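Protein chains: 2
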Amino acid sequence: MIKTSPGGGCIRVYIPFKARGAKSRLSTILKDDERQLFATLMLEDVIRSLKSSAVDEIILLSTSEEGIGAIESSHGIECLIDDRDLNSAINSILKNETDPVMVVMSDLPLIGSSEIDEMLDFREDLVIAPGIGGGTNILVVRSPEHFRVDYYGNSLQDHINIARKHGLSFRIYYSFLAAVDIDEEADLVELLIHGDGTAAASYLRTLGVSLSVNQGRVTVKREV
Amino acid sequence: MIKTSPGGGCIRVYIPFKARGAKSRLSTILKDDERQLFATLMLEDVIRSLKSSAVDEIILLSTSEEGIGAIESSHGIECLIDDRDLNSAINSILKNETDPVMVVMSDLPLIGSSEIDEMLDFREDLVIAPGIGGGTNILVVRSPEHFRVDYYGNSLQDHINIARKHGLSFRIYYSFLAAVDIDEEADLVELLIHGDGTAAASYLRTLGVSLSVNQGRVTVKREV
Numbered sequence: 002m003i004k005t006s007p008g009g010g011c012i013r014v015y016i017p018f019k020a021r022g023a024k025s026r027l028s029t030i031l032k033d034d035e036r037q038l039f040a041t042l043m044l045e046d047v048i049r050s051l052k053s054s055a056v057d058e059i060i061l062l063s064t065s066e067e068g069i070g071a072i073e074s075s076h077g078i079e080c081l082i083d084d085r086d087l088n089s090a091i092n093s094i095l096k097n098e099t100d101p102v103m104v105v106m107s108d109l110p111l112i113g114s115s116e117i118d119e120m121l122d123f124r125e126d127l128v129i130a131p132g133i134g135g136g137t138n139i140l141v142v143r144s145p146e147h148f149r150v151d152y153y154g155n156s157l158q159d160h161i162n163i164a165r166k167h168g169l170s171f172r173i174y175y176s177f178l179a180a181v182d183i184d185e186e187a188d189l190v191e192l193l194i195h196g197d198g199t200a201a202a203s204y205l206r207t208l209g210v211s212l213s214v215n216q217g218r219v220t221v222k223r224e225v
Numbered sequence: 002m003i004k005t006s007p008g009g010g011c012i013r014v015y016i017p018f019k020a021r022g023a024k025s026r027l028s029t030i031l032k033d034d035e036r037q038l039f040a041t042l043m044l045e046d047v048i049r050s051l052k053s054s055a056v057d058e059i060i061l062l063s064t065s066e067e068g069i070g071a072i073e074s075s076h077g078i079e080c081l082i083d084d085r086d087l088n089s090a091i092n093s094i095l096k097n098e099t100d101p102v103m104v105v106m107s108d109l110p111l112i113g114s115s116e117i118d119e120m121l122d123f124r125e126d127l128v129i130a131p132g133i134g135g136g137t138n139i140l141v142v143r144s145p146e147h148f149r150v151d152y153y154g155n156s157l158q159d160h161i162n163i164a165r166k167h168g169l170s171f172r173i174y175y176s177f178l179a180a181v182d183i184d185e186e187a188d189l190v191e192l193l194i195h196g197d198g199t200a201a202a203s204y205l206r207t208l209g210v211s212l213s214v215n216q217g218r219v220t221v222k223r224e225v
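Which chain is which? The protein sequence lines are A and B, in order. If you read the first sequence in our numbering, its first letter stands for residue 2, the second for the next number, and so on. If you read the second sequence in our numbering, its first letter stands for residue 2, the second for the next number, and so on.
Bound conformation, chain A alone:
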């Protein structure tokens, strides 16, 4: 099934991916090369969920070609290289798109196809899945020519303000699993608790990363 916009266009999904120096805040528990592989595995989890969803075109938006070839060929998806910052890269896509655009962050290993499909079912001009801490984890933009992104900081509020300024309707899509973006050690707790079946959680387990309970609170530890 191809989801169509009220105007009839099909849904194209962009996944921004930072190929080099990814996930530096995880350096408290993962080494450089481990973080690189971990970031790629989270991306693959996201791609798998998108492929089981109703979207019909997935495009990887990478800052460099490094390490991307294997993903392109194994998942059969397109890749667009843009080494500019996230906002510039996405905004130049929006400027040139007429069909609806979805932007899904690559560090959301817990999302499933049902979250994606639910978001696509809404008819508002803009649908936003917030992250914990005020971020924008997933966006559906039905009129890309009338919207510009402003990621970083309280981007949920910023995106709502931009929608209002342009007279666009919007909806906040509240989802636990779409809210968990994996940036720092504490986020690995969610991945290990809720991420059974994901490549990212399996990899953490092979590294000896596991849950630990200290004074009633759950943290992660790593075997030495």
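Hints in this document: simulated from the structure, not taken from any laboratory. As the structure is a computational prediction, the values presented were derived from the model and not from experiment. Hints may be right or wrong, so weigh each one.
A pair holds if it fits inside one copy or across any two, identical chains being indistinguishable in the list.
Here are the simulated DSBU-like cross-link-like pairs (lysine-lysine), alpha carbons at most 35 Å apart as the crow flies [said to hold, decoys possible]: (1) K222 to K166; (2) K96 to K32; (3) K166 to K96; (4) K24 to K222; (5) K222 to K19; (6) K32 to K166; (7) K19 to K52; (8) K222 to K32; (9) K32 to K19.
Place chain B on chain A using the hints.
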């Protein structure tokens, strides 16, 4: 409408509330008496959502009578005093209940009646809304005589294990708004972003607590 169990019993909701020394981890930003009032306002937000939901009996389970009288009379709800730890208090309730029991934490100001009603619509023996960090924020127990709680730590996993051990069916109810329990300063970010219309967020604003963006991350600050 009164939600009934497959066996026909009505749903009774217990809200555990720690009257004294509540929310000590918020001492980084709120004074003692402010934390006390803030905790009470979050409780009132929870009670309001429950009253607009399909539940038909709300019981406040408090560790002491202090400060409870006003809530009892203004909301017309019952109060049960039990100064034991949370697990002992809830387990002695479960032991004596035959109708389904719901347990809702008092620090969930973002929940609405729709989250409550969705949880009640499920037919599993146990429905759990996890908190961020492995906790159990809301529980629906359809066969209280066959279940015991074990809060603190990774209680989501513990509750699943207990259900399995007793041959009970269970469902994890993933909800962003039910996952945000307010324990520490970082949690106030979620309340200020998503809590428009709650008494708890309004109170924070009167205290001069607001959002702040530092190096792309959202935090809270307080006017001095």
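Each hint tested on the structure:
no. : hint         : verdict
1   : K222 to K166 : between (46 Å within a copy, 27 Å between copies)
2   : K96 to K32   : neither (38 Å within a copy, 49 Å between copies)
3   : K166 to K96  : within (17 Å within a copy, 56 Å between copies)
4   : K24 to K222  : both (18 Å within a copy, 26 Å between copies)
5   : K222 to K19  : both (26 Å within a copy, 31 Å between copies)
6   : K32 to K166  : neither (44 Å within a copy, 39 Å between copies)
7   : K19 to K52   : within (21 Å within a copy, 47 Å between copies)
8   : K222 to K32  : both (14 Å within a copy, 33 Å between copies)
9   : K32 to K19   : within (17 Å within a copy, 42 Å between copies)
In the structure shown, a violation is registered for the earlier hints numbered 2, 6, in ascending order.
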